[in-house]
Amino acid sequence: MTAAQPNREMYGKTLVELGERNPRVVVLDADVAKSTNTYRFRDRYPERFFDLGAAELNMVCIAAGLAATGWIPFASTFVIFASLRAVEAVRTSVAYPKLNVKIVATNAGVEICGDGVTHQGVEDLAVMRAIANLVVLAPSDPVTTRLATLAIAEYEGPVYMRLGRQPAPVLHDESVEFRIGRMIRLREGGDVTLIACGNMVEHALLAAEELAREGIEARVLDCHTIKPIDREEIIRAALETGAIVTAEDHSIHGGLGAAVAEVVTETYPVPVRRVGLRDVFASSGRDPKTLLARYDMDYRAIAREARQVLALRARQR
Amino acid sequence: MTSEFDPARLAAIARDLRVLILRMIANAGSGHPGGSLSAVDIITYLYFRHLRIDPERPHWEDRDRFVLSKGHCAPALYAALARRGYFPEAWLWTLRDVGSPLQGHPDMRKTPGVDMTTGSLGQGFACAVGIALGARLQGKTYRVYAMLSDAELQEGVTWEAALAAAHHRLDNLIAVIDNNRCQTDGFTADIVAVEPIDEKWSAFGWDVQRIDGHDFVQIHAAFQRALQPRGRPHVIIADTVKGKGVRSMENRPEWHAQPFTPEQAEVFIGELFEGGSS
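Here the protein sequences come in this chain order: A and B. Each residue of the first sequence is one higher than the one before, starting from 1 at the first, in the numbering used here. Each residue of the second sequence is one higher than the one before, starting from 1001 at the first, in the numbering used here.
A portion of the hints provided could be inaccurate.
As the list claims (entries may be wrong) - Lysine to aspartate or glutamate pairs mimicking EDC-like chemistry, simulated, CA-CA at most 20 Å apart:
id	chain 1	residue 1	chain 2	residue 2
1	A	LYS13	A	GLU47
2	A	LYS34	A	GLU47
3	A	LYS98	A	GLU154
4	B	LYS1110	A	ASP31
5	A	LYS98	B	GLU1061
6	A	LYS13	A	ASP31
7	A	LYS289	A	GLU154
8	B	LYS1200	B	GLU1155
9	A	LYS98	B	GLU1155
10	A	LYS227	A	GLU262
11	B	LYS1140	A	GLU47
12	A	LYS227	A	GLU217
The set of hints was computed from the structure by calculation and includes no laboratory data.
Starting from the given sequences, assemble the full structure and let the hints guide the process.
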């Protein structure tokens, strides 16, 4: 049985598993190996591990070079540095030539707490989603983090994956079927659909329980792949529930909510409301729950938005 | 190539490539003539005398790699690749056209013989460091060559990559700096000075040589020396002339990326054959 643990921890453990399975896997870090958990791979396969120091752009370029010689590099740093400092290398040196590089960034969102704005990666989904050829993932729990890590090693092409820092509960069965680009339905419901990624999937489930007590049955979808987005499942949600709420530990602009809204407005328009960081820089915090609540991004916000989206739908009908 | 070292033959090839470069850029309507002309003697030496490559097998696993980190000088590389038979010379007249296999900057997926996609300054060099690391990890003995511009030394990632290469003692890596002393906005020394270049690389732990980048005898000696493993990456600082060979372009920063007509190109080609300095 998989235990609750930070997704970054499961990532590090899965890298060790991959190192055993696939001799072409190499791992790179930029001086945060202890935090990203790549140290687990380093300790086991030191000859296939490279710490490039505090030089994230260089790390991604070196990963591109390694991929050009047939290696499968996993390059890890924090979300903020992977998505903003190193992004031109991700775009031009990795995604454009379709090199087989996996950029796995940890410490996503405001939930990282103590370090504050300089280390809160809340723009990465918007930035990475705009880059052609790139697959973008944000798994929610240790079970799917392991499966996602294995899946992207098998997938031939550039990938960006974001992971959280805080402990994550187990939300999925060990036997869950994980496919890149295919959402996982965690809860059935016909009144409203809650689509979430990463740490917000837990909050979506909590919100669904709260709504159930009020007689509202919410469908909960774990959208672990932001790109390519699962259009079919979104259209089904629009058709069958007629109301959608999205939730992400990310800016309200350009991330999961935007991706969902784009599909809905272009196919079967129904009301969509988004939970995310509303165009502000967040504060440091000492506890992720308090911080998410402070910025109106927790399960209470999701439940409230669900009620609002139902009111909107009622008005439209 | 293992042919005899024949500087006169190389000079003749380089002159032919200069003709192609000028006609190619004029035909495309845009491009970077100055830096292509400063780099072409070294590119000629590499592709017609030095690199272990096989145009019949552009993806041969054990080939030497060449990364044009100063990717804007793609016309010089394309001319050499065409002449070596990687693709038909007719492709040169599609440069920068929509759907062309010859993009404005080198594209490893579209152009046979291009080993790395480049064009954002500094990134190609850092990728070359990754290739050298990957080669060593595989126990391969091929060499990785990267050509940089002097202005590229203003990019931070260049120095990140230089540090990493020295740290990992990548003596299978040979960087060449096409030090033509000009960049888009003017003379490098007036924009943000990069000299003393040799002292900087030396301080970063590299094996440093400095040569005249248009003298094939010096070019030959430097690359032969760089083949000797010294436990450190090698850098050859090649002092060059922007626009080399076309007297009215030489040492004039404005020819970094200025377009010219096919008629003008023929005038420039005439200057080449007036025996200029080439």
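Against the structure, the hints:
1. A:LYS13 - A:GLU47: holds (17 Å)
2. A:LYS34 - A:GLU47: Roughly 17 Å between the alpha carbons, so the hint for LYS34 (chain A) and GLU47 (chain A) holds.
3. A:LYS98 - A:GLU154: holds (15 Å)
4. B:LYS1110 - A:ASP31: violated (35 Å)
5. A:LYS98 - B:GLU1061: Measuring from Cα to Cα gives roughly 19 Å; hence the hint holds.
6. A:LYS13 - A:ASP31: holds (18 Å)
7. A:LYS289 - A:GLU154: violated (35 Å)
8. B:LYS1200 - B:GLU1155: Holds, at about 14 Å.
9. A:LYS98 - B:GLU1155: Violated, at roughly 24 Å.
10. A:LYS227 - A:GLU262: holds (12 Å)
11. B:LYS1140 - A:GLU47: With a Cα-Cα distance of about 16 Å, the restraint between LYS1140 (chain B) and GLU47 (chain A) holds, given a limit of 20 Å.
12. A:LYS227 - A:GLU217: violated (27 Å)
Hint violations for this structure: numbers 4, 7, 9, 12, all remaining hints satisfied.
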